[in-house]
Structure formats: C-alpha cells, structure tokens
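> Going line by line, the protein sequences match chains Y and P.
Numbered per the working numbering, the first sequence spans residues 350 to 602.
Numbered per the working numbering, the second sequence spans residues 14 to 633.
Some clues are possibly wrong.
[Unchecked claim] Capping the alpha-carbon separation at 20 Å, the derived lysine to any residue pairs in SDA-like fashion look like this:
1) Lys562(P) <-> Glu629(P)
2) Lys505(Y) <-> Ser378(P)
3) Lys368(P) <-> Ser26(P)
4) Lys466(Y) <-> Ala625(P)
5) Lys192(P) <-> Lys506(Y)
6) Lys177(P) <-> Asp193(P)
7) Lys177(P) <-> Arg16(P)
8) Lys192(P) <-> Ala214(P)
9) Lys466(Y) <-> Ser516(P)
10) Lys466(Y) <-> Ala503(P)
11) Lys149(P) <-> Phe448(P)
12) Lys562(P) <-> Glu515(P)
13) Lys149(P) <-> Gly404(P)
14) Lys466(Y) <-> Glu515(P)
15) Lys466(Y) <-> Gly404(P)
16) Lys506(Y) <-> Asp193(P)
17) Lys192(P) <-> Ala371(P)
18) Lys505(Y) <-> Arg330(P)
19) Lys505(Y) <-> Gly336(P)
20) Lys192(P) <-> Ala375(P)
21) Lys505(Y) <-> Asp485(P)
22) Lys149(P) <-> Ala374(P)
23) Lys506(Y) <-> Gly312(P)
24) Lys505(Y) <-> Leu331(P)
25) Lys368(P) <-> Ser378(P)
26) Lys466(Y) <-> Ala519(P)
27) Lys32(P) <-> Pro44(P)
28) Lys149(P) <-> Asp485(P)
29) Lys505(Y) <-> Thr502(P)
30) Lys506(Y) <-> Leu331(P)
31) Lys466(Y) <-> Leu456(Y)
32) Lys505(Y) <-> Asn325(P)
33) Lys505(Y) <-> Ala503(P)
34) Lys466(Y) <-> Ala374(P)
35) Lys192(P) <-> Val340(P)
36) Lys505(Y) <-> Ser481(P)
37) Lys368(P) <-> Gln148(P)
38) Lys466(Y) <-> Phe448(P)
39) Lys506(Y) <-> Asp485(P)
Hint data in this document are derived by calculation from the structure and do not stem from the laboratory.
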Amino acid sequence: MMNLYVNDELVQAQQGQTLLLVCEQSGIDVPTLCFHPGLEATGNCRLCSVEIRRSGWEAGATDVVCACLFPAEEDLEVWTDTERVRRLRRLIVEMLWARDPRSPALLALAEKVGVNKQRLNTYGQSRRCILCSTCVRVCGELGADAISMGYRGVDKKVTTPFDRPTEDCIGCGACAHACPVGTIYFHEHGWERQVRRQTFRLLPCSGCGEPCNTSEERIHLSEVLGIPMEEASQCPTCKRRSVGGGMVDIQRR
Amino acid sequence: MTRLHLKDFWRYSKQQMEKRNEQRVLVCGGPGCLARGSQAVYEALLDASGRVGGTGTVVEHAAHMVGCHGLCDQGPLVIIEPQGTFYTHVNPEMAPRIYHETLRGGRVVEDFLYSSGTGRRIARYADIPFYQRQQKIALRNVGAVDPEDINDYVALGGYRAAAKALEDLSPEDVIGWVKDSQLRGRGGAGFPTGRKWEVCAQAPGENRYVIANGDEGDPGAFMDRTIMEGDPHSLLEGMMIGAYAVGASEGFIYVREEYPLAVERLKGAIGQAESLGLLGDDILGIPGFCFNLSVRRGGGAFVCGEATALINSLEGRLGEPRGSYVVPAVRGYNQQPTALNNVETFCVIPEIINKGPAWFAAIGSEASRGTKTFSLVGRAVHIGLIEVPMGMSLREIIYDVGGGIEDGRTFKAVQTGGPSGGCLSAEYLDLPVDFDALEEAGSMMGSGGLIVMDETTCMVDVARYFLSFLRDESCGQCVPCREGLFQLTAIFDRIVSGEGQESDLAAVEELAVAMQEGSLCGLGQSASNPVLSTLRHFRGEYTAHIREKCCPAGVCRALTAYVIDVERCRACGRCLEVCPPQCIAVSQGVYTIDREACTRCGACSAACPFAAISREGCVQ
Chain Y
350 MMNLYVNDEL VQAQQGQTLL LVCEQSGIDV PTLCFHPGLE ATGNCRLCSV
400 EIRRSGWEAG ATDVVCACLF PAEEDLEVWT DTERVRRLRR LIVEMLWARD
450 PRSPALLALA EKVGVNKQRL NTYGQSRRCI LCSTCVRVCG ELGADAISMG
500 YRGVDKKVTT PFDRPTEDCI GCGACAHACP VGTIYFHEHG WERQVRRQTF
550 RLLPCSGCGE PCNTSEERIH LSEVLGIPME EASQCPTCKR RSVGGGMVDI
600 QRR
Chain P
14 MTRLHLKDFW RYSKQQMEKR NEQRVLVCGG PGCLARGSQA VYEALLDASG
64 RVGGTGTVVE HAAHMVGCHG LCDQGPLVII EPQGTFYTHV NPEMAPRIYH
114 ETLRGGRVVE DFLYSSGTGR RIARYADIPF YQRQQKIALR NVGAVDPEDI
164 NDYVALGGYR AAAKALEDLS PEDVIGWVKD SQLRGRGGAG FPTGRKWEVC
214 AQAPGENRYV IANGDEGDPG AFMDRTIMEG DPHSLLEGMM IGAYAVGASE
264 GFIYVREEYP LAVERLKGAI GQAESLGLLG DDILGIPGFC FNLSVRRGGG
314 AFVCGEATAL INSLEGRLGE PRGSYVVPAV RGYNQQPTAL NNVETFCVIP
364 EIINKGPAWF AAIGSEASRG TKTFSLVGRA VHIGLIEVPM GMSLREIIYD
414 VGGGIEDGRT FKAVQTGGPS GGCLSAEYLD LPVDFDALEE AGSMMGSGGL
464 IVMDETTCMV DVARYFLSFL RDESCGQCVP CREGLFQLTA IFDRIVSGEG
514 QESDLAAVEE LAVAMQEGSL CGLGQSASNP VLSTLRHFRG EYTAHIREKC
564 CPAGVCRALT AYVIDVERCR ACGRCLEVCP PQCIAVSQGV YTIDREACTR
614 CGACSAACPF AAISREGCVQ
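Only chain Y is shown next, with the shape it has when bound in the complex:
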C-alpha cells in the first residue's frame, strides 16, 4: 500500500495500480473515451489527462500525464480538474468532434466537458471513426485478431489486410459493442448478421432454437478459448437460464 494525494485528499493505492483506477476507487470522475476496463490501456485519446507533481528528486513543476497509464507512486500529487487539464480535454473533444460534427456520442461528450461551439476545421468528408483502437484491442483480446490499424497520421484507419473481407473475422460483433462512438456497423435480420462489411449466417441456439451466433464464433469459442461446445452454442438467455438454474439448485440444497 502507498499513500498519494488526489485533489489534495489523501488516498491509498496498491503497487502497479494506475491513477485512473485509484481515482475510480475514490469516487473521482475522470472522463475517458478509449479506456475499456477489460482491455490493456493505450492512452490514445488522452482525455483522461491529469496534472501531477512527483515527489523526491523528480519533484518540480507539474506535469500532464495520462491517468489510464500512469502508475501510482508514493507521495504523488494528482489533480483531476485543474484549468490546464480542462483546457486540454476541451480541445481534444473539439478536435474529435471536428472529425464527425453530427456524432451524438461526441455531442454528449462535448456537453460534458463544456464545449458548446464547433469552431475548428472539419474534414471534407466526416470521419466517423475516432481511431481509439478499442475495437482492434477487443478483437485481439477475445476475438480473432481480424482487424488492425492501417496507414498512419490523418489517413489512419481500422482495416483488414488489403482492405478486403477477411476469413479471420468470426462475426462475433465484439468490435461494434466496444466502440465508444457507435461507428461500427452491426445488424441482425432473421438468420443473417452483418458486422462491418461482412455477412454471416446465424445458427440456432441449442436451447430455444432462435437465431443465436455464427458457426465461426462457436468454433473460435470452443477451440481457441476452450469454452465447451454446448455452452458456446447457447444464446445469452438460455445460458443465463442454465447457469441460474444451477444456482437455484444450490440454494435449494
């Protein structure tokens, strides 16, 4: 355990915890965008920037660091809502908003950090992806590593090899669910599911027989992630029922 100060109040943290986690535990709100609790943080959006002052030989002027990556240190002083930090956050949101001025998610974020006017240069054509890489990370973590970042700078985009539909995609749709601005296309209709630009056939749930998930997803779940096939071929409702049923059994005993 170590002691540090967040907004001038003493808080405790464990070795290796990030400032974002420390703030969360102390009930202090730090806005985030590319952060996802289940994924490795990358510090892409820089929205969670906070101002710090280190102790000991590194003490001196304050610094701005990314809370989702910066590890807690003994006697560190952290401020989450200074004017310097607020100014940076406002500009970050403004710059993202300029990519896609009609995005509802970015509009909400703009209101939250106090940006009410769009004054920066916009792209000729709206760029709905904010390049936070959450989808790429989620696909790598529990999917099939089917998408990655391609190109660089303003031309950067989430893509597949040669921009072509890829066999690696299992159609699980985790990317679409994780996207903080709702940019990735995900649509189900009858026995068909569309993720990004690829179409998948759905298989029936082994419990209720309703359209459930794709065969690629079932194979991936059982063969790569080691989940038993009977569980991998159930829809969420049936899965809850079977797990819940088990719990009811335990309680009865």
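Got chain Y; can you put chain P on it based on the hints?
Leaving out everything else, chain P in the frame of chain Y:
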C-alpha cells in the same frame, strides 16, 4: 580467420598498427561525393596507375574509397596521406595528373587545391578553415578508415577499447566511466547515457538487449548514415562495450530502409568481427561473454526513430510509440531491459574507454560534454558534415566553420533539431550550442540538423513545411498529435494563401500548447516547436501575411506578384509567348501583368532575357 583470444588480440592489433601503409590515397565515398561521381574518380586513379590485375601497383594498395569528409560542396574530394594534400572538385580527367605529379613526382597540383573565399589556395587538409575549428570524436575514423576492412580499423587502434574494457574493467566500472564522462545521448533528448545503462543493468529481467537507433529520419540529416557507411566498426565496438556493461547477449542495429549501403557495410563488418572472435559466443576467448548482433531494416516511417516505436517495429508490431510511462531501459524489447542509444552515442564510447572519462568531460560546455556532429545545410557557403565541441556558438559554427552565408546575403534564421526543432533568429547567434541552451531558446538539439536560412526564406512557409512533414509522418495514434497537426496545417494553408484571419494566431497557439502537453510521444510533444519558435521570433512575418496579405520574403505564391521593371524591359515579347494564361498586356510598348489572371507560374520571369521580371513579396 581464427577466432582470437584476448592475448592474441593485442599482438594482432600491434601488428596491424605497425603494418599500416603511410602512403594513402583517400577518395571520398560519402553520399555527396558519390553523387558527384567519386566512384569514377577512384576507377580513373587506378587506371592512371596502370592497374595490373591481382598483383597491383602502389596506387592499388594505397587507394581506398572512404567515408564522408564533410566538405560536401567541394566534392568529389581526394586526399593524399601522409602529406594531407586536399584536392577538390576532382573529376576522372584529373586522375592522370594526380597520379603522375603528386603520387610519383611528389608535387602538389596547385589548380586542384581548395580555394578559400579570397582566392587563396590551401594545400593541406588541416589548414582549411572548415576543418580548423572542428574536433572529431564520433567521426574520428570516418574518411580515414576503409569501411570494408576490419584490419584497417584495427590498424587505427580499433577494438582496443573493447579489449581493454573486457580485460581491465568490470561492467560496473564501464558504467561508472560513462557516467563520469557525463556523456548525454546524441539522439535528441540528451538523457545521460551512463544513467540509462545503470538503470538497464539493474532492472530485473531474464535477457537484456542493446539496440542502436540508426533510423535517422530528419530531412537533411546524415550524421548516423555517415558513421554507419564510413566507419561501421566503431558502432560495433561501442555496442559491444555497451552489451558488456549492461549484461546483454543480443543486440540489433535498426537502420532505415533508405540506407542500403549502411546495411551492406554493417552486415559485412559484423561478419568480419564474428570471424575474428570479436562478436558471437565467448568473445575474445572469455567464456560466457556472448554478444550476437544483427541488422534490422526499418520500413521508412519517421516515427520509428522514437525509441518505443522502434522497439514495437523490431518486435514485428505496428511502428507506434508505446504510451507506457515505463522506460525501455526497464521494459523494452520483448518486455526486457533494453539499452537503446543513438548510433553516434555508441561511437563515442570507445574513445571514452581509450582516453578516460576525464578527457571527455574536459571537452564541451558545463552541462553538455564532448562534441556533437551536425549536418550543416541550407544557405551556408560550406555545407556538409561537421563535428564541433559542445558550447560553440551558432555564429562560430555558421561563419567560421560554414564560411558565412552564400552569395553575400544576410543571415535570417537557423533551424536546429530537425522537424521538431525550432527556428532561432539573428539575436541568438551567440547562443552556445548545447542541450539546455537550445531548449531554453525554444528549440532543441535533436539529432543535429542545422539548416541555415537567409532573407529569401519565409518563416511562415518554413513552419508550414515542417508541419506538413509531421502531419504525414505522425503515427496517428493519439488525438493531440494527429488532429492537432491536421488543424494546424489547415490554418497554415489558409494563412499562406492569403485567407488568414486575426483569430488564427490565437488558435495556433492554443493547439500548439495542447499538443505539447497532451501528446503521447516526443514527436507530438515537440511537433509544434517550429510553429511556436517562429511565432516567438518572427511574429511580424505572420501579421504581414494575415493583415497586409503579403509575404515579405516573396515566397508564398498567393501573396506575391510578378512585376515588370519598365526600366529594364526591352519590349521583346518573349514573355507574351510563354505566358500560359496570356495575362500580359501591351499598351504603347509598355508591358504589364494582370495580377488577377496571373497564376504565378514564373514562366515569364524565366524567359526574360533582361531579368526585368521579378517576384515581389509586398506589392499592393
């Protein structure tokens, strides 16, 4: 060749040093001289001496294609040792005279010598003002050693520092020596090398790695290239000492794809060093000291010169910097402690071991010891590669070494530190060039680019050029850098096309500060330096562009106009013939250009035999 043991090495080294041929004909094979045809000069010299197959003549034994001599504007260069005779602008037709008169006759050919600004001929290398103020440590062998022959490197005292370190010093001693020398990393940030190595050596890890950063991407910079092409073994030796100090057994040299000759020379050098037992397993017969070195080529992304992006690229990942606040010395390649240094930093190490840390610490200025290489380019009389002690003033570098501004123009600014450095105005000419002084003035040392500019350069245009370079080279990972550069270039494009508004400057400053504070890596944090430094030192030029809609230097196309000087115009009509939009009118023999219709292509100006048409910056 057999692999040497430590005691054999000393004998071999002494042998090579005694055997070294005093008589040498050095043909510069640096990038500048090669482009001007030095390879043909070399061949012509061999032909002139009557080249005879395998046995060879005097010239064949003594002639070497060597690395860059630095004075690139005078190339191709030929230097004859031991006299130090320095021939400039050599072409193949001059080869027979060099062979007959100088090599056989022992006479200097006056016509081929370096001519100073006053027309005085200077015979000897060491007497040329360009070299007089220089002190070469990192470049000590470049231009003297045959880069493809390990024996030649050993004959110049090569690998003695490595052998000395292995024989007399413990790894802790080596780190202590480097710390005492106060050497700071030559890649740009200037972090103390000794401390980096100490952190790396003490960090927990199963393996340790040594990596040389040869991904030199700054436009106009060629310091590392020159070393890797001209003296590859000194990099190998420096890395070997580094590996011994931090306890690494594997190392990589990361070279950018655009340097194929460097890759070839380094691979050749590694092969030679391995066969002599200076690399590989049980180096110099010392059981357990293994160091395997390999060359990796970068794909040509500027951002891969950033330490963590370079490591990602080495691991086969996307070349994006890591946001982590843990330094590579603790967790780098394969998540293991990694000593990653610039090529130049490693090349200095053998000299520190040879001559001692006190010798090195006595050179340079208070907080920046030793020397630094710079690629001096732009509007200086002598452009090329230089190495000067730290703390020398910009004035001494530009006027004494560089010979002043070409064509007698006036100095306007100097850009230091590459695309993320800053522009300094004439009032900073007496600033000592060291890490801290440059940073205080709003610029940075960077890897050592020095671009000299005169009054014909527009500072707004310069800032815009660097911004667009960085916009294209930003990895695009973090928002402040990617979007900030997009926004800034959009604003600058407006300003140079005459559509700038008063509010633009405030927006530029706001974005620039956000990029400094919020960006993930050094590229984004320093990307706004050219903007902030030009705004600080040349604000008047910005307001001229925005308020008066004029470009005082006459560079920004949309803000300039072609004007016909009626005094000089002879009404020949050549301009009428070449003008694509046909916007030149003639009335009663007087030619005028319609500014609205003119596209400022410059065809009229180029065609005018009387130089009567010029581009003017501020005409209303």
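> All hints, please: hold or fail.
Against the structure, the hints come out as follows:
A hinted pair counts as satisfied when its Cα atoms are at most 20 Å apart, and lysine 562(P) with glutamate 629(P) qualifies at roughly 13 Å. For the suggested pair lysine 505(Y) and serine 378(P), the alpha carbons sit about 43 Å apart, so the restraint of at most 20 Å is broken. A hinted pair counts as satisfied when its Cα atoms are at most 20 Å apart, and lysine 368(P) with serine 26(P) qualifies at roughly 17 Å. At most 20 Å may separate the alpha-carbon atoms for a hinted pair to count; lysine 466(Y) and alanine 625(P) exceed this at roughly 51 Å.
Between the alpha carbons of lysine 192(P) and lysine 506(Y) the distance comes to roughly 44 Å, so the proposed pair goes past 20 Å and is violated. Distance hint between lysine 177(P) and aspartate 193(P) is fulfilled; the C-alpha atoms sit about 17 Å from each other, no more than 20 Å. Using a Cα cut-off of 20 Å, the hinted pair lysine 177(P) and arginine 16(P) holds, with the two alpha carbons roughly 18 Å apart. A distance of roughly 13 Å separates the Cα atoms of lysine 192(P) and alanine 214(P); the hinted pair therefore holds under the 20 Å criterion.
For the suggested pair lysine 466(Y) and serine 516(P), the alpha carbons sit about 15 Å apart, so the restraint of at most 20 Å is met. Between lysine 466(Y) and alanine 503(P) the alpha-carbon distance is near 19 Å, which keeps this suggested pair within the 20 Å criterion. In summary, the hint linking lysine 149(P) to phenylalanine 448(P) is supported, as the alpha carbons are separated by about 19 Å, within the 20 Å threshold. Annotation: proposed proximity of lysine 562(P) to glutamate 515(P) holds, straight-line Cα distance about 12 Å (limit 20 Å).
With a C-alpha separation of about 15 Å, the suggested pairing of lysine 149(P) with glycine 404(P) holds against the 20 Å cut-off. Annotation: proposed proximity of lysine 466(Y) to glutamate 515(P) holds, straight-line Cα distance about 19 Å (limit 20 Å). This hinted pair does not check out: lysine 466(Y) and glycine 404(P) have alpha carbons roughly 49 Å apart, beyond 20 Å. About 48 Å separates the Cα atoms of lysine 506(Y) and aspartate 193(P), which puts this hinted pair outside 20 Å; it is violated.
About 11 Å separates the Cα atoms of lysine 192(P) and alanine 371(P), which keeps this hinted pair within 20 Å; it holds. Annotation: proposed proximity of lysine 505(Y) to arginine 330(P) holds, straight-line Cα distance about 16 Å (limit 20 Å). Restraint check for lysine 505(Y) and glycine 336(P): the C-alpha separation of about 18 Å stays at or below 20 Å, so the hint holds. With a C-alpha separation of about 14 Å, the suggested pair lysine 192(P) and alanine 375(P) falls inside the 20 Å cut-off, and the hint holds.
Distance hint between lysine 505(Y) and aspartate 485(P) is fulfilled; the C-alpha atoms sit about 10 Å from each other, no more than 20 Å. Only pairs whose Cα atoms come within 20 Å are accepted, and lysine 149(P) paired with alanine 374(P) is accepted, the gap being roughly 15 Å. Proximity of lysine 506(Y) to glycine 312(P) is assessed by CA-CA distance (about 19 Å); at most 20 Å being required, the pair is judged to hold. Taking the CA atoms of lysine 505(Y) and leucine 331(P), the gap is about 12 Å. The hint holds against a cut of 20 Å.
Under the criterion of a C-alpha separation no larger than 20 Å, the hint pairing lysine 368(P) with serine 378(P) is consistent with the structure, at around 19 Å. Only pairs whose Cα atoms come within 20 Å are accepted, and lysine 466(Y) paired with alanine 519(P) is accepted, the gap being roughly 16 Å. Proposed proximity of lysine 32(P) and proline 44(P) is contradicted: the alpha carbons are some 30 Å apart, above 20 Å. Simply put, lysine 149(P) and aspartate 485(P) have alpha-carbon atoms about 35 Å apart, too far for the 20 Å limit, and the pair is violated.
At most 20 Å may separate the alpha-carbon atoms for a hinted pair to count; lysine 505(Y) and threonine 502(P) meet this at roughly 17 Å. Restraint check for lysine 506(Y) and leucine 331(P): the C-alpha separation of about 13 Å stays at or below 20 Å, so the hint holds. Of the supplied pair hints, the one linking lysine 466(Y) and leucine 456(Y) holds, its CA atoms being roughly 10 Å apart against a limit of 20 Å. Between the alpha carbons of lysine 505(Y) and asparagine 325(P) the distance comes to roughly 17 Å, so the proposed pair stays at or under 20 Å and holds.
With a C-alpha separation of about 18 Å, the suggested pair lysine 505(Y) and alanine 503(P) falls inside the 20 Å cut-off, and the hint holds. The hinted pair formed by lysine 466(Y) and alanine 374(P) fails the criterion: a straight-line CA distance of about 56 Å is larger than 20 Å. With a CA separation close to 19 Å, the supplied pair lysine 192(P) and valine 340(P) stays within the 20 Å bound. The suggested pairing of lysine 505(Y) with serine 481(P) holds, with an alpha-carbon distance near 16 Å, which does not exceed 20 Å.
For the given pair, lysine 368(P) sits about 15 Å from glutamine 148(P) by alpha-carbon distance, which is consistent with the 20 Å threshold. Proximity of lysine 466(Y) to phenylalanine 448(P) is assessed by CA-CA distance (about 41 Å); at most 20 Å being required, the pair is judged violated. For a cut-off of 20 Å, the pair hint linking lysine 506(Y) to aspartate 485(P) stands: about 14 Å separates their Cα positions.
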